[in-house]
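Q: Here are the chains, one letter per residue:
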Amino acid sequence: MYVAVKGGEAAIANAHALLADRRRGDRAVPALRIDQIVEQLGLAVDRAMGEGSLYDKELAALALVQARGDLIEAIFLVRAYRTTLPRFGYSQPIETGEMLIERRISATFKDLPGGQMLGPTFDYTHRLLDPSIVDGAVPEPVTREADTAQAPRVTDMLGRQGLMEPDGETDPDREVGDLTREPLDFPLDRDLRLQALARGDEGFLLALGYSTQRGYGRSHPFVGEIRIGEVDVEFDVPELGFTVNLGRVRVTECQMVNQFKGSAKVPPQFTRGYGLVFGQAERKAMAMSLVDRALRAREFGEDIVAPAQDEEFVISHSDNVQATGFVEHLKLPHYVDFQAELDLIRRMRADHDAAEMQEAAE
Amino acid sequence: MQTATSIDNAARKAALDALAAAPARALAEFWDRYADKPAHSKVRGPEVGLVMVRGRAGGGGAPFNLGEATVSRASVRIETGEVGHGYCLGRDLAKAEAIAVIDALWQQNADAIEAQIIAPLRALADAADQKRREESAATKVDFFTMVRGDN
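Residue numbers (this note's numbering), protein chains in the order written: chain A, 251 to 612; chain B, 9 to 159.
Misleading hints may appear alongside valid ones.
Unchecked claim - Using 27 angstroms as the maximum straight-line C-alpha spacing, the simulated DSSO-like pairs for lysine-lysine come out as follows:
#1 Lys-360/A x Lys-511/A
#2 Lys-360/A x Lys-139/B
#3 Lys-148/B x Lys-360/A
#4 Lys-21/B x Lys-139/B
Stated by the list, open to error - Below, a sample of chain A positions facing chain B; criterion: calculated Cβ distance under 8 angstroms:
#5 Gln-342
#6 Lys-360
#7 Leu-444
#8 Val-483
#9 Glu-489
What the hints contain is simulated information worked out from the structure, not anything from laboratory work.
As the structure is a prediction and not an experimental result, all values here were calculated from the model.
C-beta atoms are modelled at their ideal positions from N, C-alpha and C, and glycine is treated no differently.
Work the whole structure out from these sequences, hints included.
A: Below, the structure is given as structure tokens:
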């Protein structure tokens, strides 16, 4: 328990003024503009949007500046902002098969219809710091004639041969869970898990995904496909009586293909984990797909032996805004609590001393 | 069989899609150039809100809530009585209102709106998409197999 304590108003106001000063830094250095952050720190913006669970690049960029680059603080700011806005409704599910693809790779098939496109990747760079990027001129990217054919999702191709677990039937009458509307009630259905994972902390999910590779809930994963690009957001507008396309959002999708599951009725099939994240966020999408697959243990009748398979553990601790709130609240005044603890330890020590004196006397 | 209304709706949707997808600057440019702008009154908004964007498990399975996006919307009535609606991603009230006015005008004079605003916006969007496709295509991997010699 902590009780309200008065005092410190002037200290708080001055601390915030000092924060503003340090955030701005040396006035001789030009202040950052939002468009510079959107354009040049795009992946930080994407992460703030993804874990902030709000697609708006300018807002995420503003949050990053306001938070002095502290990502979790920025995510917190984005989450707080969204609570100030009304909800117009739910979009139609995005169609990742019709993405305007910027990157698409598969570790399982070399020759894919539509091909493998590396896109703007850090892969195969030498990871050597390059001071010349700061003011070096950048040439226009190379172009090449593009295929007009749509690139099908890799998992759909294997699915047609029956080798891959299908996406599953959709019950149109079933309400889609929304953790922003009602508190989580374990055990969860996969829709709520995917929502929680999509906004979950990248570091936490990365560590859990890594743990499955190291033997804690092994699932023999292969990247069936990663695709990054823009998809349309279709929204049913009641006053029009039809859907309109609100515009496009960039997403990263990862299809993780895992070892087999079969039964007396169904021959063995590859199983799958799924990752879908706002923005260009490949590491996060991969980690999400590993953890999604691990959390399907119950569904596949697998023994739950590892942390990554423990739904309540994973989902209860994946949200970095909740986590930071509870960890950081420890620094708020707990004077009364601590006073009680002090009284207790003094009494215990007095009892201890009394017992020792008694013993010495005997 | 397609009814007249469903054809109209499809064309109106296509126009609204092109308007929402357009960069604000391009839309403002073509709209500024449009000569006969009607007086209009606001029916609702313009206002900013959220749409929860959905994905599907596995890409094609049961829907789930991926995360929200900011959306601007506006409804207006132009002087000739048509009511128009504007929706677009982001927090751009002026853009949503312009879309709503253009949507109202479209119902009255679709040909002029298509020719002077929608078609040029679509051409810009197609060119931008094509450029992006070609940039991505340049990063396509051309696999080849090394043939091992006899000795």
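Q: Could you run down the list of hints and mark each one as holding or not?
A: Hints, one by one, checked against the model:
1. Lys-360/A x Lys-511/A: Answer holds: Lys-360/A to Lys-511/A is near 25 angstroms, not above 27 angstroms.
2. Lys-360/A x Lys-139/B: Holds: Lys-360/A and Lys-139/B sit about 25 angstroms apart, inside 27 angstroms.
3. Lys-148/B x Lys-360/A: The hint holds at about 12 angstroms.
4. Lys-21/B x Lys-139/B: 25 angstroms, holds
5. Gln-342: This hint holds: Gln-342/A lies near chain B, its Cβ roughly 7 angstroms from the closest one there, short of 8 angstroms.
6. Lys-360: 5 angstroms, holds
7. Leu-444: 4 angstroms, holds
8. Val-483: 6 angstroms, holds
9. Glu-489: Check passed: Cβ of Glu-489/A comes within 6 angstroms of chain B, closer than 8 angstroms.
Checked against the numbered hints above, the structure violates none of them.
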